[in-house]
Amino acid sequence: MMDSETQDYATTDPTDLTGAAPVDGGPSPNPDHDGVLRVGRYPIIRKIGEGGMGVVYACYDESLDRRLAIKLLNSRFRARSAQTRLEREAQALARLSHPNVVQIYETGTHQDALYLAMEYVEGQTLREWLRDAKRSWQSIVKVVLGAGRGIAAAHAAGMIHRDLKPDNLMVGRDGRVRVLDFGLARGVSDSATNLDETDDDNHPHGPELAGLLTKGVTRAGTILGTPAYMAPEQHEGQPSDAKSDQFALCVVAYEALFGTRPFPGQDRETIAAAIAAGQPALGEDSRGVPRRVRAAIVRGLASDPDQRWPSVDALLDQLSRALAGPRRRRLGVGLVALLGAAAVGPWLLAQPAAAGPQCNPDPSALVGVWDPSRRAAVRAGITRASGGPTPASAYVEAGLDAWAQTWVRQQQRACEATWVDGRQSEAMLDKRTTCLDRQLRAFAAMTELLADPDPELLARTPELLAGLPDLDACASAELVEVHYPLPGDPQRAKAIAQGFEAVARARMLATTGRLTEADASVEALAQSAPDYPPLALEVRALAGERQLWHGRLDPGLEAAVNSARAAEALHLDDQAASLRARAAIDAAGSWGHPELEQWLVADAQAAVDRIGRANDPRRVDLHGARGWLLDGAGDYSAALAEFRAAVTLATTIGQTVRAELLEVNVARMLTNLGRHDEAARAFETARAAAARHLGPGSPRLAGIELDIGLLAAQRGQFDDANEHLLRARAIVVGALGEHATRATRVDLALAKLALTTGELERARLLFEGVLAADNSRPEWQADAHEAIGVLNFYANDFPGSLAAYAKALELRSAVLAADHPTLAILHSNIGESKAALGDHAGALAAYSHAIATLERRLPPDHFDLAFPLKGRGQSRLASGDAASARVDLERALALHQANPGEPLEWADVEYSLAQAHAQLEDRASARTLAEQARARYLALEQADRAAEIEQWLAQLRPASPHSHAQSSP
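Last residue of the sequence shown: number 969 in the UniProt record's numbering, and the count goes up by one each step with no gaps.
If you are wondering where the hints come from, they were derived from the structure by calculation, not from laboratory data. One should not assume that every hint holds.
Restricting the straight-line Cα-Cα distance to at most 16 Å, the calculated cross-link-like pairs of lysine to aspartate or glutamate (EDC-like) are [said to hold, decoys possible]:
#: 1; residue 1: LYS807; residue 2: GLU768
#: 2; residue 1: LYS494; residue 2: ASP531
#: 3; residue 1: LYS494; residue 2: ASP437
Note that this is a predicted model, so its numbers are computed, not measured.
Between the sequences and the hints, there should be enough to build the whole structure, so can you do that?
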């Protein structure tokens with residue numbers, strides 16, 4: 001999406017563009033026939049700056065509707081060999097796609113000079129970011145980790161940066177750090193470089209140029225880089241490698257954390273001497289940087305490359321460990337409970353082959369429904385609701401075009417069946433025409449809504465397009481045979497058509513959450529709808545659906561079922577099937593009555609089966625409904641199969657975009673099953689589809705970013721998780737406002753992340769905000785109560801912890817099956833609080849309940865079993881049953897060894913298992929395990945726990961060959 005600035009192209013003479021032509025008289029932008037200056041095919045917005053390699057322009061990619069940066073290299077690089085080398089480097093970098101590396105999109109030539117088209121980053125250099133506000137050591141380390149991940153990805157692809165410094169790191173407005181200019185100086189043929197230390201803060205072209213213009217060469221005996229950040233081997237003229245980049249990254253980190261460079265100096269010689277000496281200067285520690293962080297960085301500054309970390313990844317691992325807070329408590333929350341259980345509905349129909357020209361459909365039928373005027377209104381409405389141009393316009397228009405074109409073809413085929421082929425009576429033509437006219441009214445309701453949408457409605461366009469009538473139904477003689485003819489009175493027929501349009505509009509409003517408007521439409525229909533049996537059935541059913549919208553189960557269900565039965569009594573079987581399917585889809589996984597919901601879904605499936613269309617789009621939704629039911633029952637494997645069946649069927653019937661969006665449901669189940677790599681790929685498919693078709697500001701994209709953030713948190717990738725969650729919140733707030741329901745949902749996820757990473761006070765504030773929010777849903781309140789229980793546990797308020805858990809259990813039990821894994825994890829947390837109060841019998845019962853449930857519902861090696869197994873083992877140990885405790889603790893230890901993401905929990909298990917072995921007189925094993933736990937605690941800077949083990953080991957007596965007692969030492 002482009003802001004107003006990006007659409008104002010430069011039309012001045014290139015020599016006057018922002019005040020300067022290229023410094024060496026090199027290539028200049030060319031004006032096109034409209035006077036717009038371009039580099040290659042890209043119109044220029046403005047010049048960002050220039051330097052030794054050339055000029056950088058902000059440009060606009062008209063085909064992809066995005067802003068980008070163009071680096072136009074100067075005449076020094078016109079030699080074929082130099083261009084070839086530079087182009088090869090740029091093409092290699094273009095193949096590297098990583099969120100922490102500025103993306104190179106393409107290379108090209110302009111006036112015989114090479115240009116590079118790259119990602120445009122709005123933000124600050126690291127130096128500016130540090131200067132802009134006082135940053136905590138944690139936030140600085142997170143930036144360093146992001147930069148390091150980008151560098152490590154480049155190393156894995158065989159590329160070296162060679163000139164890493166604060167001005168080559170950009171902290172974007174989205175919070176993501178990006179590394180600029182990997183290896184693009186290799187093609188420079190100069191034999192000399194500017195070795196004076198540069199300060200891009202004072203660059204005449206401003207910080208937006210930061211890092212985009214590299215200097216130097218990379219040959220043996222030649223120097224590339226900025227001296228203060230160069231490794232000793234670079235100062236000696238040796239080739240740069242991954243260890244050189246590691247050194248530079250550590251210089252950047254040291255300077256950011258301590259306010260001074262580790263090897264200061266006023267000129268290259270002084271700096272080189274300080275670096276060779278290998279003694280970093282002592283900077284002021286005003287941020288409370290842990291010793292572990294400083295030690296990790298200082299090792300990366302070693303003058304001998306062999307003494308540095310084996311790789312940048314190894315350095316990042318140490319820094320990540322230093323960020324680890326208190327042990328993580330696994331909250332009993334599934335992704336679907338957090339995000340809502342609505343599956344994506346049907347989208348596009350395959351277009352039938354064109355019929356012959358003998359019958360000409362009435363072109364006036366689409367006037368005012370989908371004509372140039374309405375198309376322009378829809379496009380303007382979407383642009384207005386999105387805050388600017390968006391891919392959603394093309395996506396929605398394509399969907400509406402496809403339906404309208406198919407409708408015209410169906411109208412033509414109905415005509416030909418009677419007047420050309422002679423296969424159909426005039427009476428059947430009238431019935432098919434009536435069917436098509438009725439379906440057109442639903443289409444008209446949609447185009448009217450889309451002419452004045454809000455961001456939430458746009459986020460639900462996949463569901464709206466899915467709700468368009470299935471045009472194949474009007475081609476079925478069996479289905480249209482029973483269609484009631486419209487009355488001969490034109491005014492009454494018009495009122496009936498308007499009634500069907502109002503019904504469709506009310507359902508669309510409800511789909512997008514605009515319940516007040518939907519309620520008003522239902523009430524108006526009840527008062528004024530004409531007496532026409534099919535319309536009366538829809539109005540009656542709509543009144544029941546209204547009850548379901550507001551969670552009123554009994555009256556809503558009764559009305560829905562009775563309406564479907566009335567339709568069947570009138571032989572309106574297709575209408576009855578739709579009514580049953582709609583009730584089942586609304587119900588699945590949302591009422592907390594699984595048996596009733598299962599019956600509704602089975603009943604709807606039977607009704608659709610009776611219609612007999614194998615590829616009926618309603619089957620896609622019913623697969624999804626069964627998936628949510630199975631998810632609510634905790635049967636994630638079976639739910640996964642249903643969601644995959646929905647994707648397969650959507651693909652089969654030509655709904656390719658919808659199939660991509662449905663991958664999010666597949667990803668959620670894969671996440672619940674612990675299959676994280678597969679889940680990440682499925683989420684990315686859905687994310688790319690949402691970005692491509694709904695645009696970067698869509699709340700639907702925010703929901704998927706939230707999903708991805710939750711997955712990253714489960715994988716222990718907390719920086720990535722925070723990045724995705726903040727991106728999700730920024731999208732939601734930008735589209736819907738600070739107090740939107742979706743913002744509360746993201747706040748809940750951020751609160752859980754804060755709890756996981758040990759930011760306890762921030763977590764409590766966020767959870768309390770979720771509980772206080774007017775739009776907070778019961779399932780979110782359950783999450784917040786459980787999390788507050790964890791916070792109370794950390795504060796040693798064990799009765800308060802149990803009280804919060806009890807409230808969460810009450811809320812969750814109202815909507816989840818008794819043996820759902822989410823409830824099992826909650827019981828595990830209850831067991832922990834009971835154990836802390838000394839109620840080991842109560843703790844043992846709670847842990848055993850959790851383990852039995854998880855063993856029924858999850859694979860035997862699922863990591864969620866580790867925590868309750870540890871807890872039950874500790875409770876058994878406290879009760880004197882060391883043999884049973886050992887069995888549980890050994891299982892927990894095996895799970896930690898296979899999933900080494902929680903080292904503090906791992907150490908706890910080892911120490912408890914050591915105590916169990918000691919009680920069983922296996923003192924050799926006890927000592928080994930205790931020493932392993934002690935080492936792990938020390939690595940995590942848990943000195944008190946390590947000292948406790950030292951004292952325990954000192955009291956551990958040598959084993960007696962004749963002793964079999966099980967008492968504690």
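Self-check item: Hints that the structure is at odds with (numbers, increasing)
Solution: Hint check: nothing fails, all pass.
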